[in-house]
Amino acid sequence: GENVEQHPSTLSVQEGDSAVIKCTYSDSASNYFPWYKQELGKRPQLIIDIRSNVGEKKDQRIAVTLNKTAKHFSLHITETQPEDSAVYFCASGGYQKVTFGIGTKLQVIP
Amino acid sequence: EAGVAQSPRYKIIEKRQSVAFWCNPISGHATLYWYQQILGQGPKLLIQFQNNGVVDDSQLPKDRFSAERLKGVDSTLKIQPAKLEDSAVYLCASSSAGTSRNAGQFFGPGTRLTVL
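Note that the protein sequences, when read in sequence, are chains A and B.
Per this note's numbering, the very first residue in the first sequence carries number 1; after that it's consecutive.
Per this note's numbering, the very first residue in the second sequence carries number 111; after that it's consecutive.
Keep in mind the hints are simulated off the structure, nothing from the lab.
A few of these clues could be false.
Result set (DSSO-like, lysine-lysine): computed pairs, CA atoms no more than 27 Å apart in a straight line [to be verified]: (1) A:22 with B:154; (2) B:188 with A:42; (3) A:58 with A:97; (4) B:154 with A:37; (5) A:42 with B:193; (6) A:37 with B:172; (7) B:125 with A:37; (8) B:154 with A:105; (9) B:172 with A:97; (10) B:154 with A:68; (11) B:188 with A:97; (12) A:97 with B:181; (13) A:42 with B:154; (14) A:97 with B:154; (15) A:71 with B:154.
Computed from the model, here is a short list of chain A residues facing chain B with C-beta under 7 Å [said to hold, decoys possible]: (16) 32; (17) 46; (18) 89; (19) 100; (20) 103.
Cβ-to-Cβ under 7 Å is the rule here; a few derived chain B residues that face chain A [what the hints assert, rightly or not]: (21) 120; (22) 153; (23) 212; (24) 219; (25) 220.
All C-beta atoms, glycine included, are put in the ideal place defined by N, C-alpha and C.
So here's chain A without its partners, still in its complex pose (with noise of 0.2 Å):
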């Protein structure tokens, strides 16, 4: 099966500096990528998703890019705030499957 690996576990980046997140993937299939944000004790939230076919999307802070022949895809994070402080998961997968990775735990310092 899918293999996602994530890393670095905890991040703590200053407020208004980047924060990138990097995940790698070992099932080549794999054609979806989402991010998802998980404040403490609440749910995951989709934030941005990539498909295969592209290598880079962007909205607003937040980029993810997709890198297919190394099988890695990373997050993005611009002048980061309080409010980006939570756990983020990358995951891949292909139609309707996503495995996910372990979590980083990014702490954005006022």
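Starting from the known structure of chain A, fit chain B onto it as the hints suggest.
Chain B only, in chain A's frame:
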């Protein structure tokens, strides 16, 4: 639109007891997922339904866990008998994904289970 509903939100039971969780997905979403999320870890898929059929239950401990999705809408997840290691948050999610279509998942608020 209304989100994914789950109940109960919290449940405390003793080991060897049974427990059941209920999920109502977003209207029109054919795909329904049950995840187990242990503190500090990512969601682990237990079972996935497409309408009322099981797509993947490879990580469901079938000796104690069971799930059904009658009529392809609501779903229930049952644990019988519960073990201490079942303490976790059980998340239900739904998606409009299909056999040839990707789509993000929408999660319910979860049920926090504590087994004593």
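We went through each hint and held it up to the structure:
no., hint, verdict
1, A:22 with B:154, "holds (20 Å)"
2, B:188 with A:42, "holds (22 Å)"
3, A:58 with A:97, "holds (23 Å)"
4, B:154 with A:37, "holds (16 Å)"
5, A:42 with B:193, "holds (25 Å)"
6, A:37 with B:172, "violated (30 Å)"
7, B:125 with A:37, "violated (32 Å)"
8, B:154 with A:105, "holds (18 Å)"
9, B:172 with A:97, "holds (20 Å)"
10, B:154 with A:68, "holds (24 Å)"
11, B:188 with A:97, "holds (22 Å)"
12, A:97 with B:181, "holds (21 Å)"
13, A:42 with B:154, "holds (16 Å)"
14, A:97 with B:154, "holds (11 Å)"
15, A:71 with B:154, "holds (21 Å)"
16, 32, "holds (4 Å)"
17, 46, "holds (4 Å)"
18, 89, "holds (5 Å)"
19, 100, "holds (4 Å)"
20, 103, "holds (5 Å)"
21, 120, "violated (12 Å)"
22, 153, "holds (5 Å)"
23, 212, "holds (4 Å)"
24, 219, "holds (5 Å)"
25, 220, "holds (6 Å)"
Hints 6, 7, 21 from the list above are not met by this structure, while the remaining hints are.
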